[in-house]
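Trainee: For the protein sequence lines, the chains are P and A, in the order given. Numbered according to the numbering used here, the first sequence spans residues 1 to 272. Numbered according to the numbering used here, the second sequence spans residues 1 to 200.
These are computed hints drawn from the structure, not numbers from a lab. These figures come from a predicted structure and were not determined experimentally. Careful: at least some of the hints might be erroneous.
As the list claims (entries may be wrong) - Calculated cross-link-like contacts (lysine to aspartate or glutamate; reagent style EDC-like; alpha-carbon spacing at most 20 Å):
1) A:Lys157 with P:Asp50
2) P:Lys124 with A:Asp115
3) P:Lys124 with A:Glu30
4) P:Lys89 with P:Glu125
5) A:Lys166 with P:Glu125
To be verified - Here are a few chain A residues that face chain P, going by a calculated C-beta distance under 10 Å:
6) Cys38
7) Lys127
8) Asp158
Claimed, not checked - Example chain A residues on the side facing chain P (calculated, C-beta under 7 Å, incomplete):
9) Ile36
10) Leu43
11) Val54
12) Val114
13) Lys134
14) Ile137
15) Ser147
16) Lys148
17) Lys166
Here a beta-carbon is modelled for each residue, glycine too, at the ideal position from N, C-alpha and C.
Given next are the chains, with one letter for each unit.
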Amino acid sequence: MLPQHHTHRDEAPSLLEGMYQSYSVHLEKFDGPLDLLLHLIRKHELDICDIPIAEITRQYLEYIRLMKDLNLEVAGDFLVMAATLLQIKSRMLLPVDDPDEGEEDASDPRAALIQRLLEYQQYKEAGQVIGARALLGREVFVRGAIDPLVLEAKSEEGPIEVDLFELVDVFRALLNRIPAESFHEVAPGDSLSIADCINEILSLLQEREMVPFDELVNDDLTRERVIVTFLALLELCRLRLINIIQNGHQGPIWLIPAVSASHESSGTLSDE
Amino acid sequence: MNELHAIIESIVFAAESSVSLDRLCELLPEFDRGEIKCAVTDLSAVFAERDGGVHLVEVAGGWQFRTRPPYQQYVGRLVKVKAAKFSQSALETLAIIAYRQPITRAEVEHLRSVDSGAVLKSLLDKKLVKILGKKDIPGRPLIYGTSKEFLEVFGLKDLKSLPTLKEIQALDEAPQFERQEELPLGDGVPEEVEESLPFG
């Protein structure tokens, strides 16, 4: 896939030229500094567990210089790694004399970096294995199906975006429906958290394209439940994870995931 | 092929999405669970043997008819093919989340050593990844995990059916290397996520 450069270490200028030639090909490939490092290690057939740090640092910096020469913005992450490499290199130059000083892994300054590289490599490969699977909607298809509920809600009238105050009104109405609490009631210990509620709503939306608002609170109509649900909805709106729509005034209010347009034709709606 | 096979076939065919074994048992009180379980496995084998255009597969905990990959180009003429191949950074991020969930964005970024906000956002938009809750550490960062959609898109029965990292490592004989400690979990993490991690 990549143009091969069989370049010896001492031929730095030609290496640089080679990189120039294949530059546009290369750049696309690197998803980050670790990816670039892995590439350099593989290309020069280095042992990942015993990286010649001076050599790899030189290569890495050359690459960054190249990016700068071409007036490309060098992402900060690449610079952080450059600093890390230089730091490791300088630490390796220092004699190890004072065991009290420095961190515990002072034995080999490269250890942490090698560990990160190995770990990264593992996930990169795992990603490739996952990516090689036949994908639904691309290699594999299911029977086309459209959820009738979605159709109904997306009627010709078109949904109205609900604003915050309408949402508040609905909650006020809901709170009024709740019977007055008795005064001697002791608050339950395991109170419902907003995070739990967000999870519930998100998993409901995962299963269905749209969830009617009432359903969220119907099965457990307590003041606590309603308030927590309200806060969860506000949080979800703030994170732009859901949209709230209503069909006409007095119509039911629906919650839909913020991004669903690309999803309609997929046929992977998964309610049971 | 007995009557139960035919019944199950008709139900799975008519269903809009995958049908779990539990659901089948619920729909068919006349039969006991063992029978149904055997029958649906048999049926899947029948379709596999038939070597036709569809097969019956277990995906995301449910049974579903799916077209077989060799015929993608023909079905693609009928159905608009939606999914682009995933980019390497998307796959890598997805792998990290799949194997290490529940995980925060900072932890993903540490492993990748690169800003992952945009990738994470696009995975969330595609619903392959979902927010599981917030981690109980300062700043209460959101924690992420893979969704049911992830299993469906990648045709996985459950998270356990992902190849283990050891198996992937064995593929190209990468050096042995100890797995990091599990992350301490915050509150609000669904139990099932922990159970279904692909580490046996």
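Trainee: Hints first: check each against the structure and report whether it holds.
Mentor: To see whether the hints hold, each was checked on the structure:
1. For the proposed pair Lys157 of chain A and Asp50 of chain P, the alpha carbon gap of about 40 Å is over 20 Å, so the pair is violated.
2. Restraint check for Lys124 of chain P and Asp115 of chain A: satisfied, since their Cα atoms lie roughly 16 Å apart, inside the 20 Å limit.
3. For a cut-off of 20 Å, the pair hint linking Lys124 of chain P to Glu30 of chain A is broken: about 49 Å separates their Cα positions.
4. Restraint check: the Cα-Cα separation between Lys89 of chain P and Glu125 of chain P comes to about 28 Å, which exceeds 20 Å; the hinted pair is violated.
5. Restraint check for Lys166 of chain A and Glu125 of chain P: the C-alpha separation of about 11 Å stays at or below 20 Å, so the hint holds.
6. The closest approach between the C-beta of Cys38 of chain A and any C-beta of chain P is roughly 22 Å, which is over the 10 Å cut-off, so the hint fails.
7. Taken as an interface hint, Lys127 of chain A checks out: its beta carbon lies about 7 Å from the nearest beta carbon of chain P, inside 10 Å.
8. Given hint, Asp158 of chain A at the interface with chain P, is violated; its Cβ is 14 Å from that chain's nearest Cβ, farther than 10 Å.
9. Using the Cβ-Cβ criterion of 7 Å, the hint placing Ile36 of chain A at the interface with chain P is not satisfied: the shortest such distance is roughly 16 Å.
10. Because the closest C-beta pair between Leu43 of chain A and chain P is about 16 Å apart, greater than 7 Å, the hint is violated.
11. The beta carbon of Val54 of chain A is not positioned within 7 Å of any beta carbon in chain P (closest approach about 9 Å), and the interface hint is therefore violated.
12. The closest approach between the C-beta of Val114 of chain A and any C-beta of chain P is roughly 3 Å, which is under the 7 Å cut-off, so the hint is satisfied.
13. Evaluation of the Lys134 of chain A hint against chain P yields a held restraint, the C-beta minimum of about 5 Å falling below 7 Å.
14. Among the interface hints, the one on Ile137 of chain A is violated; its C-beta lies about 13 Å from the nearest C-beta in chain P, farther than the 7 Å criterion.
15. Of the supplied interface hints, the one on Ser147 of chain A holds, with its beta-carbon coming within about 6 Å of a beta-carbon of chain P, less than 7 Å.
16. Using the Cβ-Cβ criterion of 7 Å, the hint placing Lys148 of chain A at the interface with chain P is satisfied: the shortest such distance is roughly 6 Å.
17. Because the beta carbon of Lys166 of chain A sits about 10 Å from the nearest beta carbon in chain P, more than 7 Å, this interface hint is broken.
When held up to the earlier numbered hints, the structure conflicts with 1, 3, 4, 6, 8, 9, 10, 11, 14, 17 and fits the remainder.
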